[in-house]
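Heads up: the sequence lines are chains E and Y, in that order.
If you read the first sequence in this note's numbering, its first letter stands for residue 1, the second for the next number, and so on.
If you read the second sequence in this note's numbering, its first letter stands for residue 1, the second for the next number, and so on.
Rather than coming from a laboratory, the hints here were simulated on the basis of the structure.
Since we're looking at a predicted model, the values are computed, not measured.
Errors might be hidden in some of the hints.
Below 25 Å or equal to it, Euclidean Cα-Cα: the simulated SDA-like pairs (lysine to any residue) are [unchecked claim]:
| # | chain 1 | residue 1 | chain 2 | residue 2 |
| --- | --- | --- | --- | --- |
| 1 | E | K138 | E | A153 |
| 2 | Y | K71 | E | K138 |
| 3 | Y | K55 | E | T148 |
| 4 | Y | K64 | E | D198 |
To be clear about the criterion: a stretch of chain Y counts as covered by chain E if any three or more of its residues have a C-beta under 8 Å from a C-beta of chain E, and this derived list gives those stretches [stated by the list, open to error]:
| # | stretch |
| --- | --- |
| 5 | 9-19 |
| 6 | 95-105 |
Pairwise CB distance ranges, derived in the manner of DEER restraints [stated by the list, open to error]:
| # | chain 1 | residue 1 | chain 2 | residue 2 | range |
| --- | --- | --- | --- | --- | --- |
| 7 | E | G113 | Y | D200 | 41 to 49 Å |
| 8 | Y | G109 | E | A16 | 35 to 43 Å |
| 9 | E | R296 | Y | R110 | 32 to 40 Å |
| 10 | E | P13 | Y | A168 | 43 to 51 Å |
| 11 | Y | G189 | E | R296 | 42 to 50 Å |
Glycine is no exception: its CB is placed at the ideal position from the N, C-alpha and C atoms.
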Amino acid sequence: MSGRDVLPTVIWPIVACALGVAALACVPFLFGDYGLSMAINIVSYTVLATAWSLFSGPTRYVSLATVAFFGIGAYTTAVFAESLPWVAVLAIAACLSVVVAAIVGLATLRLSGVYFVIFSLGLAELVRQLVTWWEVNKTRTLGRYVFTDITAAQIYWQLLGLAVLVFVAGFLIGRSRLGLALRAIGDDETVARHSGIDTTRAKVALFVLSTVFMTLAGAIMAPRWTYIDPAIAFNPVISFTVLIMALLGGVHRLYGPVMGVVPLALLFEFLLARFPNHFSIMVGLVFILIVYAIPRGIAGLVEQTVERTRRQPA
Amino acid sequence: MSALLQVEGLTRRFGGLVAVDSLSFSVDTGEVVGLLGPNGSGKTTVLNLLSGALKADSGSVALKGQAIAGKAAHQIARLGIARTFQLVRPLGSLTCRDNVLTGLAFGRGRSWGVAARGEADTLLDRVGLARARDTMPGELTYIDQKRLELARALALQPELLLLDEWLAGLNPTELEEGIALIQSLSGQGITILLVEHVMDAIRSLCGRCLVMNTGRLIASGLPQEVLADPEVIRAYLGDDGSGEGGDA
Ligand SMILES: Nc1ncnc2c1ncn2[C@@H]1O[C@H](COP(=O)(O)OP(=O)(O)OP(=O)(O)O)[C@@H](O)[C@H]1O
Ligand SMILES: [Mg+2]
């Protein structure tokens with residue numbers, strides 16, 4: 001590649017992304033409180049769904065443990081935010097998720113996909129029960145107040161920064177050996193092993209990375225609630241919502257999940273306002289529709305359309 | 001000792017069935033050895049044991065004097081044993097080039113980037129898939145998928161190549177090409193252990209043959225010798241067969 005080729009293919013996309021992020025960073029100044037809370041919701045689910053598909057997309061291991069890590073992050077904030085500087089709180093959250101995810105990954109990622117789904121669901125429940133037990137028996141409180149002076153706009157900006165990091169990480173992994181290893185594992189793990197790939201290590205590495213993002217999202221989001229208890233922080237609906245969003249958007253492309261997050265976050269907001277009592281049923285129906293109607297997600301539809309229009313004139 | 005591969009007392013059971021029964025043999029550097037035997041005699045299981053897909057119940061395997069039995073498949077691949085599969089297993093979501101890149105990136109070369117892409121294309125050329133670099137394996141014919149699998153195995157820069165009926169299902173022209181290709185690999189210094197039923201291929205390729213029946217080694221030697229061995233003939237025709245004596 002000559003220097004002149006680099007400019008349009010590398011610099012311009014980066015400039016375009018930077019301008020997009022800068023525009024998104026203006027949201028707190030442009031919209032009211034309701035707009036900002038919508039934006040926080042969308043960006044946090046963007047982080048969660050993109051991080052989820054970072055691991056689950058290529059490996060095809062469906063994880064329902066998202067909320068286990070999200071909740072660990074939220075609780076880290078609840079416990080330490082008052083006494084420690086904010087950076088330290090985030091660092092503790094990240095370290096905790098590395099430890100938990102490495103242990104869980106080493107123990108479970110040798111399992112085949114079906115067992116992993118069930119285990120991951122069980123893990124979220126286990127962590128919730130452990131935290132509940134600890135709070136009831138040791139600290140003798142079931143809920144905690146989250147005292148910080150972090151504003152909604154600051155939460156939004158932090159989440160936006162985290163989202164940028166997820167995308168950068170995903171982009172780099174897609175071009176790395178690790179990315180190739182994971183796609184090979186998703187296709188045929190036996191073949192991957194016989195090609196020299198240490199499949200367990202690759203899976204654990206990516207699982208850990210993806211959960212760090214989930215945990216940080218939880219830590220950053222916690223001040224939104226002011227009060228949390230295990231039922232709020234470890235609500236399994238979060239795991240399912242992330243799964244549905246990622247599947248709707250499409251997990252085989254980095255930009256896929258966000259295309260599912262935006263419409264579904266808006267739809268869920270609407271359903272929750274209009275049908276508060278039948279929300280779960282509605283979510284279930286949406287889920288079934290998505291899996292049957294668009295198995296490869298919106299990103300898949302977009303690609304199909306592009307492919308078709310490209311082939312027609314030829 | 002010049003033995004590249006030394007196998008002693010290799011045994012593997014599946015429940016009550018002894019699929020490989022205290023098998024011992026060795027393969028010297030540069031040899032092309034045929035592994036024959038009737039259906040279900042344990043040939044694929046031997047390849048699975050050598051490549052680390054299965055763990056042996058007992059026995060030892062040494063590659064250049066280093067014990068490899070019990071090592072993980074990816075470690076064995078990096079030590080220089082590559083394999084193909086009896087039923088082709090291409091990586092379906094990767095292009096042909098990326099299929100080959102897996103072996104290059106994680107094998108002994110550990111090459112990556114532009115250099116690796118060039119090597120992948122060279123390997124695809126070598127097996128006759130030059131036109132299919134950016135094709136998805138699903139669009140290839142069966143024989144071309146087999147070629148792809150061979151290229152992926154070669155990407156590991158193996159010292160020992162295990163081929164499981166790689167020539168099965170080819171038409172006569174393809175078979176000729178396939179035999180020539182394997183011969184050229186051997187000429188390049190790769191030692192080959194191949195499971196095969198196609199007798200023409202065995203005669204023209206193998207310097208030596210091992211014959212298995214119900215997990216045990218029943219004969220070894222030059223192809224024409226073992227194929228004429230009464231016990232081998234009995235194994236292939238079944239115990240109740242009348243051997244060669246029957247009318248044609
Ligand atoms: N994973 C397994 N679990 C249980 N039994 C197995 C397994 N793999 C092989 N076997 C059994 O072990 C025996 C040997 O099988 P193997 O596939 O090694 O035979 P083969 O010589 O390769 O036969 P073919 O010529 O049909 O490919 C067979 O009886 C088979 O059913
Ligand atoms: Mg077989």
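Cross-check of the supplied hints:
1. E:K138 <-> E:A153: With a Cα-Cα distance of about 35 Å, the restraint between E:K138 and E:A153 is violated, given a limit of 25 Å.
2. Y:K71 <-> E:K138: Measuring from Cα to Cα gives roughly 46 Å; hence the hint is violated.
3. Y:K55 <-> E:T148: violated, 56 Å
4. Y:K64 <-> E:D198: holds, 23 Å
5. 9-19: violated (count 0)
6. 95-105: holds (count 5)
7. E:G113 <-> Y:D200: 41 to 49 Å: The hint (41 to 49 Å, Cβ to Cβ) holds, given that E:G113 and Y:D200 are roughly 43 Å apart.
8. Y:G109 <-> E:A16: 35 to 43 Å: Holds, at about 37 Å.
9. E:R296 <-> Y:R110: 32 to 40 Å: Given about 33 Å between the Cβ atoms, the range holds.
10. E:P13 <-> Y:A168: 43 to 51 Å: holds, 48 Å
11. Y:G189 <-> E:R296: 42 to 50 Å: holds, 45 Å
Consistency with the previously given hints fails for numbers 1, 2, 3, 5, ordered from lowest to highest.
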